[in-house]
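Chains as they are written, first to last, in our numbering: chain A, 475 to 927; chain B, 475 to 927.
Any given hint might turn out to be false.
One copy or two, either will do: identical chains are not told apart, so a pair holds if it fits within one copy or between any two.
Claimed, not checked - Dumping the calculated DSS-like pairs for lysine-lysine here, alpha-carbon to alpha-carbon at most 30 angstroms:
{"#": "1", "residue 1": "K690", "residue 2": "K777"}
{"#": "2", "residue 1": "K690", "residue 2": "K749"}
{"#": "3", "residue 1": "K749", "residue 2": "K888"}
{"#": "4", "residue 1": "K888", "residue 2": "K690"}
{"#": "5", "residue 1": "K888", "residue 2": "K777"}
Keep in mind that the hints were calculated from the coordinates and are not lab data. Computed from a predicted structure; not experimentally measured.
So you can see what is in the structure, the chains are spelled out below.
Protein chains: 2
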Amino acid sequence: MNEYVLAGGDAAAIARILASGHAADAVEALNREPRALALRLLEEAPLERAAEILDQPELDGASELVAALPRERVVDLLGAMSADRAADVLRAIGEPARAQLLHAMTPPLRRALTAILGYPEGSAGSIMTTEYVSVPPHWTVARTLDHIRQVERSRETVYAIYVVDPESRVLLHAFGLRRLIAADPQARLGDIVPERSPVTVPPLTDVEQVAHTIRKYDLLAVPVVEDGRIVGIVTVDDVLDTMIEEGTEDAHRFGGMEALDEPYMRMGFLSMIGKRGGWLCALFLSEMLTASVMQHYEVALEKAVVLTLFIPLIMSSGGNSGSQATSLVIRAMALREITLADWWRVALRELPSGLVLGAMLGLVGAARIVAWQYLGLYDYGPYWHLIAATVGLALVGIVTFGSLTGSMLPFALKRIGFDPASASAPFVATLVDVTGLAIYFTVAALVLAGTVL
Amino acid sequence: MNEYVLAGGDAAAIARILASGHAADAVEALNREPRALALRLLEEAPLERAAEILDQPELDGASELVAALPRERVVDLLGAMSADRAADVLRAIGEPARAQLLHAMTPPLRRALTAILGYPEGSAGSIMTTEYVSVPPHWTVARTLDHIRQVERSRETVYAIYVVDPESRVLLHAFGLRRLIAADPQARLGDIVPERSPVTVPPLTDVEQVAHTIRKYDLLAVPVVEDGRIVGIVTVDDVLDTMIEEGTEDAHRFGGMEALDEPYMRMGFLSMIGKRGGWLCALFLSEMLTASVMQHYEVALEKAVVLTLFIPLIMSSGGNSGSQATSLVIRAMALREITLADWWRVALRELPSGLVLGAMLGLVGAARIVAWQYLGLYDYGPYWHLIAATVGLALVGIVTFGSLTGSMLPFALKRIGFDPASASAPFVATLVDVTGLAIYFTVAALVLAGTVL
Chain A
475 MNEYVLAGGD AAAIARILAS GHAADAVEAL NREPRALALR LLEEAPLERA
525 AEILDQPELD GASELVAALP RERVVDLLGA MSADRAADVL RAIGEPARAQ
575 LLHAMTPPLR RALTAILGYP EGSAGSIMTT EYVSVPPHWT VARTLDHIRQ
625 VERSRETVYA IYVVDPESRV LLHAFGLRRL IAADPQARLG DIVPERSPVT
675 VPPLTDVEQV AHTIRKYDLL AVPVVEDGRI VGIVTVDDVL DTMIEEGTED
725 AHRFGGMEAL DEPYMRMGFL SMIGKRGGWL CALFLSEMLT ASVMQHYEVA
775 LEKAVVLTLF IPLIMSSGGN SGSQATSLVI RAMALREITL ADWWRVALRE
825 LPSGLVLGAM LGLVGAARIV AWQYLGLYDY GPYWHLIAAT VGLALVGIVT
875 FGSLTGSMLP FALKRIGFDP ASASAPFVAT LVDVTGLAIY FTVAALVLAG
925 TVL
Chain B
475 MNEYVLAGGD AAAIARILAS GHAADAVEAL NREPRALALR LLEEAPLERA
525 AEILDQPELD GASELVAALP RERVVDLLGA MSADRAADVL RAIGEPARAQ
575 LLHAMTPPLR RALTAILGYP EGSAGSIMTT EYVSVPPHWT VARTLDHIRQ
625 VERSRETVYA IYVVDPESRV LLHAFGLRRL IAADPQARLG DIVPERSPVT
675 VPPLTDVEQV AHTIRKYDLL AVPVVEDGRI VGIVTVDDVL DTMIEEGTED
725 AHRFGGMEAL DEPYMRMGFL SMIGKRGGWL CALFLSEMLT ASVMQHYEVA
775 LEKAVVLTLF IPLIMSSGGN SGSQATSLVI RAMALREITL ADWWRVALRE
825 LPSGLVLGAM LGLVGAARIV AWQYLGLYDY GPYWHLIAAT VGLALVGIVT
875 FGSLTGSMLP FALKRIGFDP ASASAPFVAT LVDVTGLAIY FTVAALVLAG
925 TVL
C-alpha cells in the first residue's frame, strides 16, 4: 500500500511536505513510507533540513537510519542537530560505532555529547541540551540582545538567558527574554537584580521531578546545575515528550506488563510476546497458589459444592477494590501528593473505605442469594441463610483486605527500592486472590460450623 | 499541628514565603495551613501578589476562598489574574454569584470571561487565554517590540506574536519573539513572510488534541481560531497542567473507578466512596453472572470437584491478558497511533499473541498438574492426564479470548460514543470471567466426555 501511495497521485504532495512542510508533518509522512525513503531523504536533503527531520523524536527507527548513513554525513548531521536529540540518537547506537562517530567530531561537540551521554538514562543530565544562551554579568542588555540575534538559530531556546561567571561557569541569574526586552538597554546584566534566585535542578534529578519543577514554576526551561555551575538546560518541550513516554510506561505497567518502547503497531511480534509473557507467567505461577489453597479446603468443598458458586464473584471483588486503591496511590505518588512517610495516613483512609465498600457489596451479594431462594430461581439447600451470611461477611473482609493490600503495595515496592508504578492491577488481584480464598473458607468454616461443614 | 507550625518557630519562614517567595512555593505553604490563612492573605496582600497566588491552579479550594471574599476585592482580583485562570475560578462558582461578579466587572473583562465560559469544559476554548500579543500588519518590528515592552506584564506570553487584521480579527501570521528580535527593526510585519502558515486549532478542539498539536510542532502557544478569526491562545503550561489532569483521570479510570477531581488525601470520604462504589457495584452485579454460570454447571462440578481447584487460576489468566491488551490499546489510542478504523489490524495482532501467550501458560499449567501427580503431592484422580489436558486447553482458549476482548473493548466503547479510556482492568476482567468459565466447562465436557462427566 505504501508503495502505491508513493507511486500514485499523492507522490507530489508527499514530496512537497518532505521538502518544505513542517518537520513534524514530514516525519509523520515518512513514518508511513518504507524506511528507504527516509534514508534517501536524510542522505540527499540539504543538511539543515535533514537535521530538522532527525531532530523530531517521533521519527521511527532514527538510530538504524543513522547507522546506515555514510559516517561523514552522520557527523555533519549530529553537529547540526540539537545536542540533546543527537545524544539520544547516539545512545541508541551501539559501540564501537558510537565511539567512532564521537571521535570524528569537532572537540567541542564531542565534549558536549560525551557529557550528556555520561548521565544515566532518566536523569535531568541525560535529556538536557548544552545549547543555551549564557552571557557574562558585565554585558549590557543591548549587547546581550545583539548576541541573541547572532546565536538565535543555534540555540534550542533563547527565551531563557543565563548570566554565568565566565571563569567558574557558576550560574548567577536567570532572565526571561521578556524581562530583558523590557529593561533599560544600557543596564548591565549584573546590576539588574532579579526578584528571585533561579530555580535549578541537579543533573541526577529524576526526569519526572524535573517535569514537576517546570510545571510548578511555569518555566520554559530549567538550568541543570552541578556544584553551582551550569552544565545544561532542560526545556519544556523535552518535558512534554518525557511525560508522554512516562505516561505510556505507567499505563503499560499498570496493565500488568513491561512497558513497550515502540508504538504498539510497529513493535515486533516476538518482542511484544516477551514484554507480556514475562509478567503473565510470573502472575500465573503466583496464582497457582490459589490451586493449593483450594486443594487445602477440598474436603469442605466436597461437602458444600454450593460454596464454589461464589468463588469467582468474591475473588473479583477483592481484585477490583485493590485495583482502585492501587491506581489512586500510584497516581498520588507520581504527583508527589503523598510520600513514603504517608503510608499510615493512607492505611487509615483505606481501612474505613474498604469496610464501607465491602459492606455495600456484601449486602447486595447476600440479598441476591436470599432473593433467588425466595423466588425459587435456585435452591441453595437447607442452610441457605448461612450461605448468604458467609458470602456477605466474606465480601466485607475481602474488599477491606483488597483496599488495604492495593494501597500498601506501592509503598512496599517503593520501600524496597522498586518503582511503585510496578504495582499493576493484575499484580494486586493476584495477591488478593490467594488470601481472599483463605478468608472465604475461614468465614465459611466459622458460619457453617456444625451444619454442612 | 498546623496551628502549631504557624505559632511556632516556622512562622517567620512561612510569612517570608507568603510575602515574597515564588507564588508556587507560597501556594504549597498555604495548602498546608488552615483555609483562614489563605483567606486572610487573599484579602490583605497587595492586589498583584494576591492575584499571583490565585493564579496558581495548585491552590486548594480557590473558588470557596473567592466566594468568601468581599465582592469588590474579587472583581479586582479576577481582573488582575490571567483570563483563563479567572474563568476557571468563576466556573466553579455557582449562579447567581457568578452572574453578579460578571456584572460588576468592566465590560471588556466581562466579555473576555464570558467568551471563555461559553465553551464546553475540556475544549480548547475553555482553557484558552484572551491575553496575548496581537498587532496589525502595518506595524514595524521596532514598534511591535515597543508595544511588547509596554504590555509585557499583562500578557500570559509575549513569546508568540500574532499579526491580526485590525478590522476583521483574522489571523494573518504568527511569529516567535526570537524571530522578531532577529529581524530588521524597520521592516513591516506584513512584509516579513514567515516560512509556514500558523498552526491553529478550532475552539471546540478536545484538550488532548490541543496537547498533541503543541507537542507535535514544539509550540509555546497555539492560537484558537474560529472562522479565520483569533479568539484566544492556549499556552504550553496550560497543556502541561491539562495533561497531568488527564493522566490522573486515565489512571483512576483504568483502576476501575470514576476519576477523583481532588487530591486523594483531600477528597471527602463520602465523595470518594461514591466515585469508587458506583463502578464496584456495577462490576459486582455483572460478575454475579459467574454465579449463574457456575449454577448451570453445578452437576458437572459435583461429579468432578477437582475441576473447581483451577477456577481462580484460569479466570485470573484471562483477566490478566485482557488487562494487558486493554492498556496497550487505550494508550495507543490516546497517542493517536491507532484509530477506530484499525480495529481489525489490532485484532489480527492480538489473535496470534493470545494463542502464543495462552499456549505458554497452558503448558506451565498442565505441567504443574502432571508434576504434582508424579511427585505424589496431590492426587487428581484416575483421569489426571485428562484434567491436565483440560486445564492446558482451557488456558489457550481463555488467554486468547482475554486478549481479543481486552483489545476490542476500547474500540467498542469508542464506537458507541463512550470514552475508550473507560475500559478498565476490572471491567475487562469481569467480561472475561463470565465467558472464561463457560469456556472452561465446555472444554472440560469435551475432554472428560465418557469419564467422570
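Hint numbers contradicted by this structure: 1, 5
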